[in-house]
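Participant: Let the sequences and hints guide you as you build the complete structure.
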Amino acid sequence: MNFLARSYVTPPDPRLNPLCAGLLVVLISLAWSDPAFAVNRHDKHAGKTAQSPTSSRKSHHPKATPRAPVKATRLMDNPEVLAWAHDAASRLQLDRAWVLKTLAPAQRLPLVEKLVLPPASPTAKDWGAYRARFIEPIRIQAGARFWLAHRATLERAEKEYGVPAAIIVGIIGVETLYGQNTGNFRIVDALGTLAFHFPLAHPRAAERQAFFRAELEQFLQLSQQSGASPLAVRGSYAGALGLPQFMPSSWTRFAVDFDGDGRIDLFESPTDAIGSVANYFKAFQWRTGMPTHYPVTLTPGQTDMDALLAPDILPTFSVASFTAKGAALEGAALTHNGPLALIELRNGNNPPSYVAGTENFYAITRYNWSSYYAMAVIELAEAVAREVQSKP
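Heads up: the sequence shown at position 102 corresponds to 102 in our numbering, and the numbers run straight through without jumps.
Derived from the structure by calculation, the hints contain no laboratory data.
The structure displayed is predicted, hence computed values, not measured ones.
All residues carry an ideal CB built from backbone N, CA and C; glycine is no exception.
A portion of the hints provided could be inaccurate.
Unchecked claim - Computed Cβ-Cβ distance ranges for the label pairs, DEER-style:
hint: 1; residue 1: GLN389; residue 2: PRO110; range: 31 to 41 Å
hint: 2; residue 1: PRO300; residue 2: ALA152; range: 41 to 51 Å
hint: 3; residue 1: GLN180; residue 2: ARG96; range: 47 to 57 Å
To be verified - Only pairs whose alpha carbons sit at most 30 Å apart, straight line, appear in this in silico DSBU-like list of lysine-lysine:
hint: 4; residue 1: LYS114; residue 2: LYS125
hint: 5; residue 1: LYS101; residue 2: LYS114
hint: 6; residue 1: LYS125; residue 2: LYS325
hint: 7; residue 1: LYS159; residue 2: LYS282
hint: 8; residue 1: LYS159; residue 2: LYS391
Facilitator: Written out as structure tokens, the structure reads:
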């Protein structure tokens, strides 16, 4: 049975909620450093500009405390889980017996604990290597087939939400290869493991554990509201769901019933997935008609790199201040109406690549806090669009 397959739960209007940077984790984020957040799902620089979906709410979760090694494989063998289950049932007004029955067979997964830790020997970031994973013939051809099969839906989403069809196709392609790789971890196991056994070796263990407890709560609420079996739902090792790899909190906030059948299904309904991705970007201030980036020319010794890179991927500079710091623009970029960011893409031992990112480039990073991810989405979108245009 698919998640939320029995009934439609109306999501809150995102305009009525603070639009904080939702943290969505994706299986393919195993690029560099911290895999689960990593090249980072929205929160790499949380202290500067971003918040996780739960950071604006009062936390009900205790900080992570050191624990002795536990050999048990059942989550409920951890007394903390039982206490939390009783508290969550009461606080969230969930059926207590149902919560306990759901968590009883849940397993602690050592593999998940390993996957969220940074690699022991991190490698240098390499845009070319990262790009090659996504901008390749199999994914491009799959994207063209997806676009042609759902052309009318993509056009409707673009018209209703103002988000280009190509960007929607790029997101779904990078996330799950158009539904081919949605993850095979049982969500209650994955979220339960990270909610109660997040590795203490991680530098942000307490924050991450609290986040995943909140996601587990969201997952339980969605499951009980829908009548679907939470034990049947599978996704990424960090709890991301369906074709667009929405975390449970983002499913609640941004998923839409775009096919009008009375329920939201991001697993089996490409139409719902397309509409939900478009709605997500609209909520994060996608600007219709604005390019995602422009070419930029930097002159060694004449460009204030420290100042330009200080804000990271957050658009900060007007065109005038951007060029005054030695970043040369040309053509349409010179009349761009809005702030820009200098985006750096490192190329291993070779010189980095740079572009001038707009607010729409930044909007893509709300899906995954990574300039590499955003550029991969953009370039896959462009490649698939060219492939579709080449079809008779």
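Participant: All hints, please: hold or fail.
Facilitator: Hint-by-hint comparison with the structure:
{"no.": "1", "hint": "GLN389 <-> PRO110: 31 to 41 Å", "verdict": "violated (47 Å)"}
{"no.": "2", "hint": "PRO300 <-> ALA152: 41 to 51 Å", "verdict": "holds (50 Å)"}
{"no.": "3", "hint": "GLN180 <-> ARG96: 47 to 57 Å", "verdict": "violated (39 Å)"}
{"no.": "4", "hint": "LYS114 <-> LYS125", "verdict": "holds (21 Å)"}
{"no.": "5", "hint": "LYS101 <-> LYS114", "verdict": "holds (27 Å)"}
{"no.": "6", "hint": "LYS125 <-> LYS325", "verdict": "holds (26 Å)"}
{"no.": "7", "hint": "LYS159 <-> LYS282", "verdict": "holds (12 Å)"}
{"no.": "8", "hint": "LYS159 <-> LYS391", "verdict": "holds (23 Å)"}
Of the numbered hints listed earlier, those contradicted by the structure are 1, 3.
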